[in-house]
Amino acid sequence: MPSATTTRDPAPPACVLDRQGLDALVQALRARGRTVIGPTHRGGAIVLEELRSAAELPYGWGVELDGGHYRVVRREDEAAFAHSAGPQSWKNYLLPERVRQWTADRAPDGELTVRQERHPPASYAFLGVRPCDLRAIAIQDRVLLGGWHRDDAYQARRNGAFLIAVECTEPGATCFCVSMGTGPAAGPGYDIALTEVLDETGHRFLARAGTAEGAEVLAGLPQRDADAATRTAAAEAVESAAGRMGRSMPPVDLHTLMASSLEAERWDEVASRCLTCGNCTMACPTCFCTTTEDITDLTGDHAERWSRWESCYDLDFSHLPGGPVRQSGRSRYRQWLTHKLGTWWDQFGSSGCVGCGRCIVWCPVAIDITEEAHALHQEQLARRAAGEGTP
Amino acid sequence: MTTQARPRLAVFKFASCDGCQLTLLDCEDELLPLAGEVDIAYFLEASSAVEPGPYDLALVDGSITTAEDAERIRHIRAESRHLVSIGACATAGGVQALRNFADVAEFRDIVYARPEYIETLATSTPIAAHVPVDLELQGCPIDRGQLLEVITAFLAGRKPDIPRHSVCFACKRRGTPCVTVAHGTPCLGPVTHAGCGALCPSYGRGCYGCFGPSGSVNMPAMIPLLRSDGLSDQDVLRLLHTFNVAAFAELETTEEAPHRWARPEGERS
Numbered sequence: 001m002p003s004a005t006t007t008r009d010p011a012p013p014a015c016v017l018d019r020q021g022l023d024a025l026v027q028a029l030r031a032r033g034r035t036v037i038g039p040t041h042r043g044g045a046i047v048l049e050e051l052r053s054a055a056e057l058p059y060g061w062g063v064e065l066d067g068g069h070y071r072v073v074r075r076e077d078e079a080a081f082a083h084s085a086g087p088q089s090w091k092n093y094l095l096p097e098r099v100r101q102w103t104a105d106r107a108p109d110g111e112l113t114v115r116q117e118r119h120p121p122a123s124y125a126f127l128g129v130r131p132c133d134l135r136a137i138a139i140q141d142r143v144l145l146g147g148w149h150r151d152d153a154y155q156a157r158r159n160g161a162f163l164i165a166v167e168c169t170e171p172g173a174t175c176f177c178v179s180m181g182t183g184p185a186a187g188p189g190y191d192i193a194l195t196e197v198l199d200e201t202g203h204r205f206l207a208r209a210g211t212a213e214g215a216e217v218l219a220g221l222p223q224r225d226a227d228a229a230t231r232t233a234a235a236e237a238v239e240s241a242a243g244r245m246g247r248s249m250p251p252v253d254l255h256t257l258m259a260s261s262l263e264a265e266r267w268d269e270v271a272s273r274c275l276t277c278g279n280c281t282m283a284c285p286t287c288f289c290t291t292t293e294d295i296t297d298l299t300g301d302h303a304e305r306w307s308r309w310e311s312c313y314d315l316d317f318s319h320l321p322g323g324p325v326r327q328s329g330r331s332r333y334r335q336w337l338t339h340k341l342g343t344w345w346d347q348f349g350s351s352g353c354v355g356c357g358r359c360i361v362w363c364p365v366a367i368d369i370t371e372e373a374h375a376l377h378q379e380q381l382a383r384r385a386a387g388e389g390t391p
Numbered sequence: 001m002t003t004q005a006r007p008r009l010a011v012f013k014f015a016s017c018d019g020c021q022l023t024l025l026d027c028e029d030e031l032l033p034l035a036g037e038v039d040i041a042y043f044l045e046a047s048s049a050v051e052p053g054p055y056d057l058a059l060v061d062g063s064i065t066t067a068e069d070a071e072r073i074r075h076i077r078a079e080s081r082h083l084v085s086i087g088a089c090a091t092a093g094g095v096q097a098l099r100n101f102a103d104v105a106e107f108r109d110i111v112y113a114r115p116e117y118i119e120t121l122a123t124s125t126p127i128a129a130h131v132p133v134d135l136e137l138q139g140c141p142i143d144r145g146q147l148l149e150v151i152t153a154f155l156a157g158r159k160p161d162i163p164r165h166s167v168c169f170a171c172k173r174r175g176t177p178c179v180t181v182a183h184g185t186p187c188l189g190p191v192t193h194a195g196c197g198a199l200c201p202s203y204g205r206g207c208y209g210c211f212g213p214s215g216s217v218n219m220p221a222m223i224p225l226l227r228s229d230g231l232s233d234q235d236v237l238r239l240l241h242t243f244n245v246a247a248f249a250e251l252e253t254t255e256e257a258p259h260r261w262a263r264p265e266g267e268r269s
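Sequence order for the protein chains is A and B.
Residues 1 to 391 (the UniProt record's numbering) make up the first sequence, in order.
Residues 1 to 269 (the UniProt record's numbering) make up the second sequence, in order.
These are calculated hints, taken from the structure and not from any lab test.
Hints should not be assumed to be uniformly reliable.
[Unchecked claim] Pair ranges (Cβ atoms, derived):
#, chain 1, residue 1, chain 2, residue 2, range
1, A, Val114, B, Ala5, 21 to 31 Å
2, B, His82, A, Gln347, 52 to 62 Å
3, A, Arg244, B, Gly204, 31 to 41 Å
4, B, Tyr203, A, Ala242, 32 to 42 Å
5, A, Arg100, B, Pro132, 28 to 38 Å
6, A, Thr299, B, Tyr203, 34 to 44 Å
7, A, Ser240, B, Gly230, 30 to 40 Å
8, A, Ala242, B, Gly204, 33 to 43 Å
9, A, Asp346, B, Ala5, 51 to 61 Å
10, A, Glu265, B, Gly157, 42 to 52 Å
11, B, Arg77, A, Ser123, 51 to 61 Å
Just so you know, even glycine gets a beta-carbon here, dropped at the ideal spot from N, CA and C.
Only chain A is shown next, with the shape it has when bound in the complex (with noise of 0.2 Å):
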């Protein structure tokens, strides 16, 4: 598993790849028995789906986002990475929505047979990760596989995942990857490292490998050294992005914000406006929450359990005996950003936030976490102003 120890690339020797050697990379894996899923453009969306060959991916396409909206749009030039974070994350892949647990048979002798359910090992590899995703499937690895209680299908899809991450060159007016110190650069995890140079000496890819096995698959494929132009571009077009995210978040400890805004006025406000629909937990590449579903057939001789997609904006998400412990949207948005920003470095020792902006693009009522975060230093700032007016 790649992110399991840091990548440390004694500068690594880079190499390049154009168009056809993108195909050749997704045949070679392939043919390694991997199911290659990566982005591709259909009903309206930049979705992430199984690719039988690089021409699937959205080349041309680009995406136009701001709260609440999301609109695949032509671009000028062929660029394959030129979108940022879609409406799924790879989390749909390695923690997917409903999975058997067990299952239990009672024979007519009354014998209860138990069966654990057995999770074959997956053999993924995710074409086009973002920087911000990449840190994402790190803090799930962190939930999921570094407690007491490891989650054991995660951990099988996960040891089979073969991860190419590619650096962003074209943020979204969603993006605040910088703020949380994600991206728009690749950190450790990727198996391979690309970053998308489209100018007037071609279209390539500048080509990294962060684990043995990257290295061995870049080795076979058709490439040319990295020259100086391509890394100079890389890296420009890298940095270029890093200055042009859409949003940010106030330059505060963002721990120490939340725990000091629980009684914050703000929280009415959003509430007033939040559906509690649960879409930016289902859109987040961290939330992780479960719950498990019991089933048994009508004769009662056959049970089973499963885990399914859970959200701390669903009533019963917080039921115990005498109801929802969180009744109100107030209760519940709260709950959600405090955890996210604040309680999540407490519990898991990072941000729960990776600043890829889905949650702003796939709230149906635009609402914003960077805007929130903001109104509650500002909330802050005003109270401590006042406080410190009185005497």
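Got chain A; can you put chain B on it based on the hints?
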């Protein structure tokens, strides 16, 4: 399990199209096993042979629209250990609850050649407005899988797994990109009870709320969204005034208390 020990199932009909009762007959593969597990004691849609109560599980389809029905549902309740109302008519009054917002005498005079033959109440009301209900299963029509879940849970003595969350959960789980965000299509998904599996958005259409309100509805936030997606005030009313008109109407007058839309515990399943 002996024949005597089989729980007795009854299905009753009030004002409705019968579609929700038919969902039971539509269970196909599960229908024969079901007949093996329960004694179907009263189900006129399936058999004219009826047995008297008491019943262990009563499924009630349809709304209360006549004084006679208001009386009949009390008898059914008295004869039933567990009563589950099924479908938008039984849980919200159905499309016939449009009369609640109009003059029923005028409707009657327009529709019937001999209006004096018609005796009806001024309102169409859900079963729970008349008698205590153990569970309300929403939908127009109800979902077959959810109905089987209610019955199998009843047989196993466990709580049925009928989430109260929005249709958005189902879209995200099946991987349908949001039709509102990606296409600007007006959609009632964020305020509608899950259960259909997000069928319409998977075909690129907006949800039209046939499963009624979810357990947590913020209508003051929903209505401006529908308007910004191009609906006029009249269009918004039309969208909300269908099979669950009375249930959504309860949530429409909202300005006074914008944070109190989560239904009190116990009011819904």
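**Item:** Earlier hints that do not hold, by number
**Value:** 2
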